[in-house]
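A.B. asks: Sequences listed follow chains X and V, in order.
Position one of the first sequence corresponds to residue 1 (the numbering used here), numbered consecutively onward.
Position one of the second sequence corresponds to residue 1 (the numbering used here), numbered consecutively onward.
These are calculated hints, taken from the structure and not from any lab test.
Worth double-checking, as some hints may not be accurate.
Unchecked claim - Computed cross-link-like contacts, BS3-like style, restricted to lysine-lysine with a CA-CA straight-line distance of at most 25 Å: (1) Lys3(X) <-> Lys108(X); (2) Lys70(X) <-> Lys16(X); (3) Lys11(V) <-> Lys3(X); (4) Lys57(V) <-> Lys108(X); (5) Lys70(X) <-> Lys3(X); (6) Lys73(X) <-> Lys3(X).
Here is how the chains run, residue by residue.
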Amino acid sequence: AQKITQTQPGMFVQEKEAVTLDCTYDTSDPSYGLFWYKQPSSGEMIFLIYQGSYDQQNATEGRYSLNFQKARKSANLVISASQLGDSAMYFCAMREPNSGNTPLVFGKGTRLSVIA
Amino acid sequence: DTGVSQDPRHKITKRGQNVTFRCDPISEHNRLYWYRQTLGQGPEFLTYFQNEAQLEKSRLLSDRFSAERPKGSFSTLEIQRTEQGDSAMYLCASSLTPDGGPTYEQYFGPGTRLTVT
Chain X
1 AQKITQTQPG
11 MFVQEKEAVT
21 LDCTYDTSDP
31 SYGLFWYKQP
41 SSGEMIFLIY
51 QGSYDQQNAT
61 EGRYSLNFQK
71 ARKSANLVIS
81 ASQLGDSAMY
91 FCAMREPNSG
101 NTPLVFGKGT
111 RLSVIA
Chain V
1 DTGVSQDPRH
11 KITKRGQNVT
21 FRCDPISEHN
31 RLYWYRQTLG
41 QGPEFLTYFQ
51 NEAQLEKSRL
61 LSDRFSAERP
71 KGSFSTLEIQ
81 RTEQGDSAMY
91 LCASSLTPDG
101 GPTYEQYFGP
111 GTRLTVT
């Protein structure tokens with residue numbers, strides 16, 4: 001079974017608007033970490049934001065926020081005030097259990113295109 | 001510190017040839033990971049090292065693949081007798097985990113794109 005599901009292969013957003021990228025996950029481990037990475041056309045994976053399963057508050061990093069709904073097993077990424085430079089592939093990933101030993105499991109990604 | 005670097009950035013090889021990729025992690029990062037990313041997919045874990053010890057290997061890592069991190073710094077990934085199905089982006093990532101402590105993010109390099117003809 002897929003651990004990470006990203007149902008939106010592609011998304012379009014107008015510059016300066018907000019956009020939500022969906023991510024649902026599957027785990028029975030109470031300890032897990034959720035990550036979002038951005039991959040521009042250059043290929044490098046850029047870390048954006050992290051949410052631990054025990055964290056009480058939703059994570060925020062500048063224009064990025066993570067809408068963490070534990071009961072629904074969703075960890076959607078919200079990008080506010082989109083910029084042209086936000087156009088890229090976005091990957092949701094999970095680490096379970098949430099320890100330093102565990103590699104990441106990635107979803108298939110969502111391609112975001114920001115329109116001027 | 002300039003981040004994780006990988007060499008070469010692109011490699012084209014003929015089926016049956018051996019190839020070797022290098023990854024230089026961020027200085028002092030004790031963990032180093034290799035992932036493979038095929039077109040339209042997210043990265044998939046291959047193997048990882050803590051210092052010079054290879055601690056885990058994915059079932060994706062067939063016996064044609066071997067990885068080393070001899071001095072706990074840079075790492076190499078070798079693919080022997082390449083097949084067309086090996087065509088992919090090979091990503092390296094590193095992280096710093098104090099003994100017994102958690103780590104949060106892995107820092108990725110730009111990847112090596114392999115094309116097997």
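A.B. asks: Hints first: check each against the structure and report whether it holds.
C.D. replies: We went through each hint and held it up to the structure:
1. Lys3(X) <-> Lys108(X): Given that 25 Å is the threshold and the Cα spacing comes to 11 Å, the pair holds.
2. Lys70(X) <-> Lys16(X): violated, 29 Å
3. Lys11(V) <-> Lys3(X): This hinted pair is violated, its Cα atoms lying about 31 Å apart.
4. Lys57(V) <-> Lys108(X): holds, 21 Å
5. Lys70(X) <-> Lys3(X): Holds, because 15 Å separates the two Cα atoms, which is no more than 25 Å.
6. Lys73(X) <-> Lys3(X): Measuring from Cα to Cα gives roughly 11 Å; hence the hint holds.
Going down the numbered hints, you'll see the structure goes against 2 and 3, while the others check out.
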